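A.B. asks: Take the sequences, apply the hints, and build the full model.
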Amino acid sequence: MWLSVIWALFRKDALLELRRRETLLAMGAFGVLSMLLYNFALPLDGDRARDLAPGLLWVSVTFTAMLGLGKAFAVEKQNDVMDALVMSPAPKAAIFLGKLASNFVFIAVIELFLIPLFAAFFPVQGNAPWGAMIGTLFLGSLGLATIGTLFSSITVAMRAREVIFPLVLLPLMVPVIIATSQALAAFLNGETTAAGAWLRMLGVADLIFMVASLWVFEFLVED
Amino acid sequence: MTSPLAKAGPWERWLGIVALVMVVAGVYWGLFVSPVDLYQGEPMRILFVHVPSAWVSFLAFFVIFVASIKYLRTRDLKYDTIAHAAAGSGLIFTGLTLASGSIWGKYAWGVWWTWDARLTTVAVLFLIYAVYLLVRGLIDEDAKRARYGAVLGIIGFLDVPIIHFSVYWWRTLHQPASILRPDSPRMAPELMIPLLFNTAAFIVLFAHLVIARRRVIEAERSFTRAQQEQLHESGV
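Chains as they are written, first to last, in this note's numbering: chain B, 15 to 237; chain A, 13 to 248.
Keep in mind the hints are simulated off the structure, nothing from the lab.
Among these hints, one or two may not hold up.
[Claimed, not checked] Derived BS3-like pairs: lysine-lysine, alpha-carbon spacing no greater than 27 Å straight-line:
1. K106(B) with K156(A)
2. K156(A) with K85(B)
3. K156(A) with K91(B)
[Said to hold, decoys possible] Derived DEER-like restraints, expressed as beta-carbon distance ranges:
4. D97(B) with K19(A): 53 to 59 Å
5. L17(B) with M204(A): 33 to 39 Å
6. E241(A) with L39(B): 46 to 52 Å
7. R62(B) with A37(A): 33 to 39 Å
No experiment lies behind these values; they were computed from the predicted model shown.
Built from N, CA and C at the ideal position, the CB exists for glycine as well.
C.D. replies: See the structure below:
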């Protein structure tokens, strides 16, 4: 039951996206643009680039993700899909996990697309531990997608939702932003122990966000 | 029908009087009676405002957290009103914590702002709860506002320890914390007792503010309801 609900919702969002290509295109374009802008705005040469790059990468990803997350529930609002979902016998938590799955995958796809660009735009060493860095990005994105999915279901029905969604999300994301940027920086500098400590913190944050969100989501969608 | 703007109840009035007396006494104690730390000098007296407001800020957010859970359990709007009232009053104390911390920082460290772990945590808290009030203000329906508010209140509170630890690590891994934090040897009782007294005074003041704010929120709610009923009756 759970898995089939999650899969059905994910499949629906993925199919919609494959046909309309709205969210991913917008996110991808925005991600590229933000990296270009950093290069125009900041003196990114040599060592400085290596110091700044991990933080800039994660901030780029956060803003890009926000673009998609903010309207994740817009599609459920049309034709009252959300009401139908809530009325269906599907467990509320499974509905949450289904939306979370598609949001997370969208962010992950964008990250895989941005990583090579990032390596090209920012002169970081070629032998950077890319695998570990991608893992870090995914772990950070999980926390981002969890809280993003939760609050996007609230703000979608609100006045001024484009403004209010980032305002709700970003302060809550402070620990994820710190831990992910620090872990990325530590991996780039070869400090594996420090990176591991940050990853543990990120894992704990993800876990707390996940458990809390699964618990409170049912209260958000009950009408 | 009793007037929704009924006068302050006995609790509100008495807590207000006690708060006034205690705050005045605490200010006098802190400014004129209590001795001053030899190394930190007169500016350290701001401690008597800073530390109590920080504690009351955390207390306020704990009240929001508990009231939010109770609301989701019982669906009694009373708890939502308490959370709302605590957020408004808590935000004032959080602002006071930030302002007094900044003034202290200018004296002690020579800068208005530093990314000290505790200062940063309080700043993020301030933002989260400012957004909490903002979100509440954008929702018109009582039950929906209460539910959304409760969820934000719960997640925001659970985020506090994560924020604190991440900021703390972030600072300590990057530079020695010793310059940034005034090392705190055991506090002398001459300082500790007025500090505790001031904290008690601030807590009483906070309780008074929450009760008063709650009365105003309820009055506003019944005013809106009466207005809607009138519109309804006049056939609009």
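A.B. asks: If a hint holds in the structure, say so; if it does not, say that too.
C.D. replies: Hints, one by one, checked against the model:
1. K106(B) with K156(A): holds, 17 Å
2. K156(A) with K85(B): holds, 20 Å
3. K156(A) with K91(B): holds, 16 Å
4. D97(B) with K19(A): 53 to 59 Å: violated, 45 Å
5. L17(B) with M204(A): 33 to 39 Å: violated, 58 Å
6. E241(A) with L39(B): 46 to 52 Å: Holds: the Cβ-Cβ distance is about 50 Å, inside 46 to 52 Å.
7. R62(B) with A37(A): 33 to 39 Å: At 55 Å between Cβs, range violated.
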